[in-house]
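Single-letter residue listing:
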Amino acid sequence: MNTLEADEEAKVVVFDSAVEGFFLNHSDFNAKIEDLTAIPQGPTGLEAWPDVLVRLTRAPFVSIALIRGPATGNGSEITLACDMSFASKEKALFSQWEVGVGMVAGGGPMARLPRVMGRGRALEVLLGSDDITADLAQAYGYVHRCFPDAELDGFVESLASRIASFDKSAIANTKRLTNTTLPEDVEIAEGWDACIKSIGRPVPQKNFKALFAEGFHKPGDVENRLGYYLGRLNR
Amino acid sequence: MNTLEADEEAKVVVFDSAVEGFFLNHSDFNAKIEDLTAIPQGPTGLEAWPDVLVRLTRAPFVSIALIRGPATGNGSEITLACDMSFASKEKALFSQWEVGVGMVAGGGPMARLPRVMGRGRALEVLLGSDDITADLAQAYGYVHRCFPDAELDGFVESLASRIASFDKSAIANTKRLTNTTLPEDVEIAEGWDACIKSIGRPVPQKNFKALFAEGFHKPGDVENRLGYYLGRLNR
Amino acid sequence: MNTLEADEEAKVVVFDSAVEGFFLNHSDFNAKIEDLTAIPQGPTGLEAWPDVLVRLTRAPFVSIALIRGPATGNGSEITLACDMSFASKEKALFSQWEVGVGMVAGGGPMARLPRVMGRGRALEVLLGSDDITADLAQAYGYVHRCFPDAELDGFVESLASRIASFDKSAIANTKRLTNTTLPEDVEIAEGWDACIKSIGRPVPQKNFKALFAEGFHKPGDVENRLGYYLGRLNR
Numbered sequence: 037m038n039t040l041e042a043d044e045e046a047k048v049v050v051f052d053s054a055v056e057g058f059f060l061n062h063s064d065f066n067a068k069i070e071d072l073t074a075i076p077q078g079p080t081g082l083e084a085w086p087d088v089l090v091r092l093t094r095a096p097f098v099s100i101a102l103i104r105g106p107a108t109g110n111g112s113e114i115t116l117a118c119d120m121s122f123a124s125k126e127k128a129l130f131s132q133w134e135v136g137v138g139m140v141a142g143g144g145p146m147a148r149l150p151r152v153m154g155r156g157r158a159l160e161v162l163l164g165s166d167d168i169t170a171d172l173a174q175a176y177g178y179v180h181r182c183f184p185d186a187e188l189d190g191f192v193e194s195l196a197s198r199i200a201s202f203d204k205s206a207i208a209n210t211k212r213l214t215n216t217t218l219p220e221d222v223e224i225a226e227g228w229d230a231c232i233k234s235i236g237r238p239v240p241q242k243n244f245k246a247l248f249a250e251g252f253h254k255p256g257d258v259e260n261r262l263g264y265y266l267g268r269l270n271r
Numbered sequence: 037m038n039t040l041e042a043d044e045e046a047k048v049v050v051f052d053s054a055v056e057g058f059f060l061n062h063s064d065f066n067a068k069i070e071d072l073t074a075i076p077q078g079p080t081g082l083e084a085w086p087d088v089l090v091r092l093t094r095a096p097f098v099s100i101a102l103i104r105g106p107a108t109g110n111g112s113e114i115t116l117a118c119d120m121s122f123a124s125k126e127k128a129l130f131s132q133w134e135v136g137v138g139m140v141a142g143g144g145p146m147a148r149l150p151r152v153m154g155r156g157r158a159l160e161v162l163l164g165s166d167d168i169t170a171d172l173a174q175a176y177g178y179v180h181r182c183f184p185d186a187e188l189d190g191f192v193e194s195l196a197s198r199i200a201s202f203d204k205s206a207i208a209n210t211k212r213l214t215n216t217t218l219p220e221d222v223e224i225a226e227g228w229d230a231c232i233k234s235i236g237r238p239v240p241q242k243n244f245k246a247l248f249a250e251g252f253h254k255p256g257d258v259e260n261r262l263g264y265y266l267g268r269l270n271r
Numbered sequence: 037m038n039t040l041e042a043d044e045e046a047k048v049v050v051f052d053s054a055v056e057g058f059f060l061n062h063s064d065f066n067a068k069i070e071d072l073t074a075i076p077q078g079p080t081g082l083e084a085w086p087d088v089l090v091r092l093t094r095a096p097f098v099s100i101a102l103i104r105g106p107a108t109g110n111g112s113e114i115t116l117a118c119d120m121s122f123a124s125k126e127k128a129l130f131s132q133w134e135v136g137v138g139m140v141a142g143g144g145p146m147a148r149l150p151r152v153m154g155r156g157r158a159l160e161v162l163l164g165s166d167d168i169t170a171d172l173a174q175a176y177g178y179v180h181r182c183f184p185d186a187e188l189d190g191f192v193e194s195l196a197s198r199i200a201s202f203d204k205s206a207i208a209n210t211k212r213l214t215n216t217t218l219p220e221d222v223e224i225a226e227g228w229d230a231c232i233k234s235i236g237r238p239v240p241q242k243n244f245k246a247l248f249a250e251g252f253h254k255p256g257d258v259e260n261r262l263g264y265y266l267g268r269l270n271r
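Protein chains in written order, with the numbering used here: chain A, 37 to 271; chain B, 37 to 271; chain C, 37 to 271.
Heads up, a few of these hints could be off.
Quick list of in silico lysine-lysine cross-link-like pairs, DSS-like style, CA-CA up to 30 Å [as the list claims (entries may be wrong)]:
id, chain 1, residue 1, chain 2, residue 2
1, C, K233, B, K245
2, B, K245, A, K68
3, C, K47, A, K204
4, B, K68, C, K254
5, B, K233, C, K242
6, C, K242, A, K204
7, A, K242, B, K68
8, B, K204, A, K245
Derived Cβ-Cβ restraints for the label pairs, each shown as a range [what the hints assert, rightly or not]:
id, chain 1, residue 1, chain 2, residue 2, range
9, B, E220, C, A46, 24 to 34 Å
10, A, R212, C, P79, 48 to 58 Å
11, B, E41, A, S63, 28 to 38 Å
12, A, D185, B, A246, 30 to 40 Å
13, B, E41, A, V55, 42 to 52 Å
14, C, A208, A, T80, 50 to 60 Å
15, A, R94, B, A246, 36 to 46 Å
16, A, E193, C, K242, 17 to 27 Å
17, C, A46, B, E45, 35 to 45 Å
18, A, N270, B, A84, 56 to 66 Å
19, C, S194, B, A84, 33 to 43 Å
Derived by calculation from the structure, the hints in this document are not laboratory data.
Every residue gets a Cβ at the ideal spot worked out from N, C-alpha and C, and that includes glycine.
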């Protein structure tokens, strides 16, 4: 983010995945929580992850998420922090899975989802904690649009190149003026705090163990169909 | 609402109708207005009906409306106050019919509709005062989704059971954090005051009489196609 | 606007175009900028164009845009300031083209678009600066609904007559209560200032020359497919 912010020429940044079959999924729950909480606050005064996401929304360049695979937790949160997002109709999945395991999400979806799809549909996504298909994501406004997989790269390349041919001052000022509709930083901060407090509670700790026993954190069915496995956890 | 709020175990509440052919329709306009206005204020400081609706939106449990029939006036308002709503494609109808009779709606739709579908489409619903089909309601975000009637109960049962299997603290904290996008109570209060002031004016009083003469308040065509009859009132 | 505001009987105003093939397009860029900036502020304290648009949103009557042709720049801005908008499926096009030429839009779309379609899709419209079809405009909530061209006039006439048969006090009070979701005037004011500052910069001045050389401001391909020509400007 520091590098991008320092680049006065940057107009458009496209985020896609180098990992076949995934956009970006959840955090590493084998890591020590102290390794996460020890990262210094960013320049916004927010903790590292929400700091990066908030700076992305305020940056004078344009960010586009190109999604070809599950966007779970962090992957959904960076999608929502990007200015635009386009998805593969066949391969993209969206999920804020945190409540399903007993946690609160930390990267701002309680603040951002209601502002794109209304509070009710946002609660369906957040509290249902299920995998959302690209078609439903498009209908709800979770993602801008989905395209047949073969057409996705061409569309994003064309839109990114088009915007990059325009004047940076016009881009930056126009984006700045839409930013009045962003949530306040304190709202993002409070979401992060609720997330960190939730992780250590007994319910998620028990659920993590059960998920790890079934194959969580490894390529395979639990990661591919996390929503299904969350629904079985406490039955 | 007192009972629900006091129930520390409650995670999900589903509202459906015990009356075949209706979800919930408008108030009883044969009742004395004093019987309504004499109900004490609720704990929020709002009058009884908006008090219940506002508390529903802030409650630590999840509320789901299951709609199989017309949701007119109060029925639409409780739908909008629920966290989620799902409707029968064939049987649901939505209506804020009040302007059509010369009133202002009292249970918050001027505050809630713009926040789910934008101010313009909200004005179309409110000022058009017509019956909105389930398909259009879904397209506008008035309801989350509509399903073929035979699939509706199964979907809602599955979603409600799923959420009820999750941790209450995670549910309550996640919901609390989306509540920053709720309207302020004073906005709901002002809507209620405008409603009460409007009821006694000559135009709605004249229109009520005309509607009663045609069969208003009884099972039949006026209640089933209220939008149609409102459009004929002053022609 | 003065005339309309003074008309105590006016309930519904429909804006359509007297020019076959267009709704309303952009400003006259052959005019002197001083002729624009010399127009006195309106009663809201805003400059003339944003003043008219803001008063339209606050007026006690209902405004409906009927769109049969491109709505570019000013045409899009008046559409967004109207309470409702309906479009011809075959003939309507929507465009905030300003960033494509190196300008910032001046009539409030940075404030209004995010409130109807979310900030992200609003940025796609604003920064992509491309022609948006009626179908996509409907899916994004840019316009309320589109209809086959042959059905458009009938639908709008029916809705406008229906609302005009209702009580003005009920209409005006209901509209007033949805206006809490309007952007603040200062947000519109800042957009206008950014627009005026942007026009004189070298990039748009160079681009205007290039567009005029290709046929800008005359009936023909540049005006009909402005999005296409903007994409070629700096390649």
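> Does the Cβ-Cβ separation between B/E41 and A/S63 fall within 28 to 38 Å?
Replying inline: The hinted range 28 to 38 Å holds for B/E41 and A/S63, with Cβ atoms some 34 Å apart.
* **Hinted pair B/K233 and C/K242, Cα distance within 30 Å** => Violated: B/K233 and C/K242 sit about 59 Å apart, past 30 Å.
- Does the Cβ pair A/D185, B/A246 satisfy 30 to 40 Å? violated (58 Å)
Check: Quick one: are A/R212 and C/P79 within 48 to 58 Å, going by C-beta?
Finding: Check failed, 28 Å falls outside 48 to 58 Å.
Restraint status (C-alpha distance of A/K242 to B/K68 at most 30 Å): At roughly 56 Å apart (the allowed maximum being 30 Å), B/K68 and A/K242 break the hint.
* Pair hint B/K204 and A/K245, alpha-carbon separation not exceeding 30 Å -> Roughly 19 Å separates the two Cα atoms, so the pair holds.
When you check the alpha-carbon spacing of C/K47 and A/K204, does it fall within 30 Å? Answer violated: C/K47 to A/K204 is near 44 Å, above 30 Å.
Q | B/E41 versus A/V55 beta-carbon gap, inside 42 to 52 Å or not | A | About 46 Å separates the Cβ atoms of B/E41 and A/V55, which means 42 to 52 Å holds.
task = Confirm or reject the claim that C/A46 and B/E45 have a C-beta distance inside 35 to 45 Å.
result = violated (56 Å)
Exercise. Take the C-beta atom of A/E193 and the C-beta atom of C/K242, compute their distance, and say whether it sits inside 17 to 27 Å.
Key: holds (26 Å)
| said: Checking one constraint from the list: CA of C/K242 to CA of A/K204, max 30 Å. Satisfied? | reply: holds (15 Å)
Subject >> Hint consistency between C/K233 and B/K245 [alpha-carbon to alpha-carbon, up to 30 Å] >> reply: violated (59 Å)
Of the numbered hints listed earlier, those contradicted by the structure are 1, 2, 3, 4, 5, 7, 10, 12, 14, 15, 17 and 18.
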